[in-house]
Amino acid sequence: MVGASVSFVGYVRDVNDGAEVGAMFLEHYPGMTERELHAIAAQAHARWPIIDTLIIHRVGELPALAQIVLVAVTSAHRSDAFAACEFIMDYLKTRAPFWKRERTTQGERWVDARDSDTAAAARWQT
Amino acid sequence: MVGASVSFVGYVRDVNDGAEVGAMFLEHYPGMTERELHAIAAQAHARWPIIDTLIIHRVGELPALAQIVLVAVTSAHRSDAFAACEFIMDYLKTRAPFWKRERTTQGERWVDARDSDTAAAARWQT
Amino acid sequence: MANGVGRAFAAYNAAMNLELVFLARLRERFGVARERLLWDGEGERVADLLAALRMRGGAFAVELAPERSWRVAVNHEVVDLDYVLADGDEVAIFPPVTGG
Amino acid sequence: MANGVGRAFAAYNAAMNLELVFLARLRERFGVARERLLWDGEGERVADLLAALRMRGGAFAVELAPERSWRVAVNHEVVDLDYVLADGDEVAIFPPVTGG
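Residue numbers (the working numbering), protein chains in the order written: chain L, 1 to 126; chain Z, 127 to 252; chain E, 253 to 352; chain H, 353 to 452.
There may be inaccurate statements among the hints.
As the list claims (entries may be wrong) - Taking beta-carbon pairs under 7 angstroms as the criterion, some of the chain E residues facing chain Z (in silico):
1. LEU275
2. ALA304
3. ARG306
4. ALA325
5. HIS328
6. GLY351
Hints in this document: simulated from the structure, not taken from any laboratory.
Where a beta carbon is used, it is the ideal one built from N, C-alpha and C, also for glycine.
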């Protein structure tokens, strides 16, 4: 029985590493990306007694401040929904095949992977 | 700049401690309850670099499966929003002046405080 | 004691007006939600007021027994038993909270 | 080697058809998103294929250098350099992911 629902929404930043970001292009790998999202959700279900998960990730051209990703988790008790939602986001950032290219005032550039995201995902590997 | 938004919704359980719950009455202490919610939000702002918080808590008669509470937190980075949202919920459960009375198939009863909620709130006191 | 009248009154016998608020289960058991009390009992601490309420017997004696779980807030802020009351205080007594 | 033809073919010189996929920055640098390759090079491991791609020089040599960051997936699953390729495999090479 659903007692708790936790949801996360991520947005396109309008500033990153000092440059103003006007838009972003999100590339994915059709087939592998869907497979990876299912695998991430299955891992969350194996770790916590959660009821349902929803992952929506946009691809293609996105303007600054647009929503990129939604992760929603329902569970009987709130601590499981919080943990599973944060786990899914940390894994999405480091494992799901998505690549961001920013269009800034200084031109276009591919976004590099962040050490902080890798560290966040590593927390769950114990 | 908002990069992340985490929100929590709590629902009226339709089963609790083995009894079927048809509805719930939520009592509050006008004046003190509002004051306590502001204090909880202020604590979250003092602990994490978050941008905004929203707390909505319903009172009065609520049917089973109705939404009781919404907590939403926005921040630049997702870990701050997750932590602050869970912190606010843990404190709401143990400090905010709300009392639940359930109407079950076995009659009406006031809900007792849960040890698990007290333990969850104690996590943040370090 | 917010004004000269209050201070003068207190000088005689520490009498003060208190607004008592009972919430949730306590409100139901006592059959009262709010009560205006002219408090001229012994002492000015919260503990003294609670002792006086227990003297009423019945549900007051049962529910406010020291081993039961209740909290006291004065003017919307949780206080402990040594808190010293003042004229005009709103004193709320309630069971452990169960919100969210 | 999914069928008899493939097996017979492999008996001669281990030749196989591979579908190469380049993504994101690598797709841009190489100027190609997908490439069908009849692979009859030395060895059947991912490492052998990468060595052959580096021999093309240019952006391939630069971007696929061992010290650069890239990942390889075969049939949509990330693999390491010792993974043994088979006829019909889809081999994707891409930079570290930056989703969410």
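Subject >> Which numbered hints fail >> reply: Per hint list: 2, 3 violated.
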